[in-house]
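Peer 1: Following the hints, position chain X against chain C.
Protein chains in written order, with the working numbering: chain C, 1 to 433; chain X, 434 to 734.
Just so you know, these hints were derived from the structure itself, not from any lab. Among the hints, erroneous ones may be present.
Not everything, but these chain C residues come out facing chain X in the computed CB check (under 7 Å) [to be verified]:
# : residue
1 : Pro79
2 : Asn102
3 : Arg135
4 : Ala248
5 : Asn254
6 : Ser257
7 : Ala399
8 : Gln407
To be clear about the criterion: a stretch of chain C counts as covered by chain X if any three or more of its residues have a C-beta under 8 Å from a C-beta of chain X, and this derived list gives those stretches [stated by the list, open to error]:
#  : region
9  : 189-197
10 : 410-417
Far from chain X, some chain C residues (derived; all Cβ distances over 12 Å) [as the list claims (entries may be wrong)]:
#  : residue
11 : Thr43
12 : Gln58
13 : Ala72
14 : Arg182
15 : Lys184
16 : Glu220
17 : Asn323
18 : Pro325
19 : Leu361
20 : Pro404
Every residue gets a Cβ at the ideal spot worked out from N, C-alpha and C, and that includes glycine.
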Amino acid sequence: MIKTTSKALRLSLLACAATLSAPSFAALSCGAEPVTMKAYFETGFPLPSQLAEEFSNQFPNVSFDIREDQFANLMENSPRLLSQDNAPDLIRLPSISDLVANDLLQNLDPYFDEFGWDSFPASQLVQLRLHESGRPRGIGSLYALGLNYSTTGVFYNKDLAAELGMTEVPKTLAELDDLLARAKAADLQPIMQWNKDTAGINFPLQNLMGSYGDPEPINEWIFQQEGASIVTPENLAATEHLQQWIEAGYFPRNANSIDYFNMMSRFTQGQGLLMFNGDWESANLQQQMGDSVGFFLMPPLEEGGRYATMSSPLTFGIGANSNNPDCAAFFLNWVATNETARQINVEVGGSNPGGPAYLPLPEVDPNSLIASTLAASQVIAANNGAMDFTANATGAIFAAAWTPELQKMVGGRQDAEGLLETVQEEYEKQLSR
Amino acid sequence: MTVTETVQNPQAPARKRIAAAWGFILPAFAIYAAFVLLPMAISVYYSLLNWDGIGQASFAGLSNYWEVMTDSDLLQIIGNAFQLIIYFTAVPVVLGLLIASVIRNQMSGRFGTVTRTILFIPQVIPLVAAGIAWSWMYDFDGVVNQFLNLIGLESWTRGWLGDFDYALPAVGLIGTWVLLGLCLLLLVTGIAKIDPALYEAAKLDGATPWQEFRHVTLPSLRPEIGVCITVTIIQALSSFDVVYVSTGGGPGIETTVPGLEIYRLAFAHREVGLASALGVVLMILVLVCILPVQWLTREKS
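In isolation and in its complexed conformation, chain C is listed as follows (with noise of 0.2 Å):
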């Protein structure tokens, strides 16, 4: 009698749950039993331990048994671990190409229908997507999903603009150019990069590809499809351009000496009028520099010209040997569709958190710098101008070719022809093997 009875209140509630909350609500959840859910995480991002808090407060029957590693780490283990018996549930996964083609990794198009998941926007999957043989990408099933969708661009010294006379953000490469030549005109460093470790000048080089070409190119070559090059005029005169940047001095004479953490240890003190670099350090810049910092979208060509950048997920994918897929899928679900996590999502990752796209973006200071990164977002969207990264487009291409072909450049060893051409090479090689 009493079952009978817990289990009809227990129908009754999930019925007004599922009445109360989004339509993509489902069926689907963790259930009552307790559950501990394996997840693999990446070091020095709180996000998802947070997350993973807020879901344990909302759902007590499942708590988060946490590992974290720091990237390269999580790069050379996850197929180890994810080839295990107890494979991880939830796991942090830098690339998806190699984990798919050995069946690491759970298939998400039954979560996509079952979750309603084609409320989201198509162009937030799309880098999700992938043949099963593990390429091309961008087509064929849905593999992962992004905790959040990051953008990149152009963060400002306002301070240092103030003083070039800067009162709007450029709106042509033209005016960007011009902006650059006053700045080392002035005897002020034009752009902080760092170009050391790995090439942070791939940054503005993928931005002034963006500019030139349109994305959809770049996309094609980064999800390894048919026949795709990097070789394009357009690729090509935006490496030109990039070189004439780093003749003219616009970059610091020793960024090849220059790693990620010096870069922003130096813009954050004022050396350095820009710095290409993502959301994903919002929070952090706002911090440190309060209100004289602020955030432009690389501009297009010519005035009213598309504007694209590098945008991406934080991928999380489920291990295929996982035990409780269903409860990771429905984490995932909650994440991008929950308005406590989408909140968290926004002031603790800096990012988009994706999601439905009736879902409205959770509230920030309008006068915050996590504002103006939300609101370049939304016009990456509008534009339908989101592209991956470069680096990304193999496993090994951005060590084995961007980065020692932009150092060279930097040093003065390689011309716009050459880098394009060798990346080009190595990028036939890998997929050939």
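Peer 2: Relative to the frame of chain C, chain X by itself:
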């Protein structure tokens, strides 16, 4: 009675001795085989495969070795390791000999102890820590450039570890700094063992300090020099940590060494076969360098 028994069965103690010897050797050998010989054999096997470390492997014959021998980048990377020998081996051994000869007479005094301690300290510091500390010093705002500014050589300042011409020597100098202490300690100990009578005899014969060094010190230190050269060449050819923390192999591939490339090939490129082939080639190169040194510097019996 007992005597006759022993004579009747002369094999027994010998067999017992052999059994006992095996008893002592086996545990150590088993561990050595499990953790050194077996992984080495597996590496050789992997080097013949085309394998991403996760899925199905296919047999690749000697194609991985062919790539190691013909890929211009991989050849430059191997060349970088040989350049490091100058900084890891030649400089520390020569400087170590020089310093050891100079402090030979003051060895027992306080001066000798202090000198030895100071020069040996870097050996105690983990290479990773040394690499990080040195990369601060080489930084654009670091002490190296501060010093150059102080003496009016502003035009010489640069980001040393990001410079195409100076990055490899800069990394090499970190190795020099660390390994000088080791070489010095070995050489000072060796010098202390030389019979003082030899030096007295040389002096009586009117030998100059150079002749003393050339004909007494140098020949007597042959085994110690052999150890120094062997250890430091291995350090140079198999270096990884110093490079990994100070430059990450850049700029370009100017400071990439085989150790770093093996790690990247195996874990970033997921080319376990090629990484293993490079590892095997590296081992052969180390042996090719070390065996002649061992042969030339062995003690004549």
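Peer 1: Is C:Pro404 truly not at the interface, in the sense that its beta carbon sits beyond 12 Å from all beta carbons of chain X?
Peer 2: Violated: least Cβ distance 5 Å, not greater than 12 Å.
Peer 1: With a cut-off of 7 Å, does the beta carbon of C:Ala248 approach a beta carbon of chain X closely enough for the hint to hold?
Peer 2: violated (19 Å)
Peer 1: Identify whether the interface hint at C:Asn254 stands, where standing means a beta carbon of chain X within less than 7 Å of its own.
Peer 2: Interface hint status for C:Asn254: holds (3 Å vs cutoff 7 Å).
Peer 1: Is the nearest Cβ of chain X still more than 12 Å from the Cβ of C:Glu220?
Peer 2: Correct as stated: the minimum Cβ-Cβ distance to chain X is 23 Å, above 12 Å.
Peer 1: Test the statement that C:Arg182 is away from the interface with chain X: the closest C-beta pair must be farther apart than 12 Å.
Peer 2: holds (24 Å)
Peer 1: Can you verify the interface hint for C:Ser257: is its Cβ closer than 7 Å to any Cβ in chain X?
Peer 2: Given a least distance of 3 Å, the restraint on C:Ser257 holds.
Peer 1: May I ask you to check that C:Gln58 keeps its beta-carbon over 12 Å from the closest beta-carbon of chain X?
Peer 2: Non-interface label stands for C:Gln58: nearest chain X Cβ at 36 Å, farther than 12 Å.
Peer 1: Grab the minimum beta-carbon distance between C:Ala72 and chain X and tell me whether it stays above 12 Å.
Peer 2: violated (8 Å)
Peer 1: Minimum C-beta separation from C:Asn323 to chain X exceeding 12 Å: can you confirm that?
Peer 2: Nearest chain X Cβ is 21 Å from C:Asn323, so the label holds.
Peer 1: Does C:Leu361 really sit off the interface, with its C-beta more than 12 Å from all C-beta atoms of chain X?
Peer 2: For C:Leu361, whose nearest Cβ neighbour in chain X is about 36 Å away, the distance exceeds 12 Å, so it holds.
Peer 1: Identify whether the interface hint at C:Ala399 stands, where standing means a beta carbon of chain X within less than 7 Å of its own.
Peer 2: holds (5 Å)
Peer 1: Would the non-interface assignment of C:Pro325 survive a Cβ cutoff of 12 Å against chain X?
Peer 2: Consistent with the label, C:Pro325 stays out of reach of chain X, its closest Cβ about 20 Å off (over 12 Å).
Taken one by one, the earlier hints fail for this structure at numbers 3, 4, 13 and 20, listed in ascending order.
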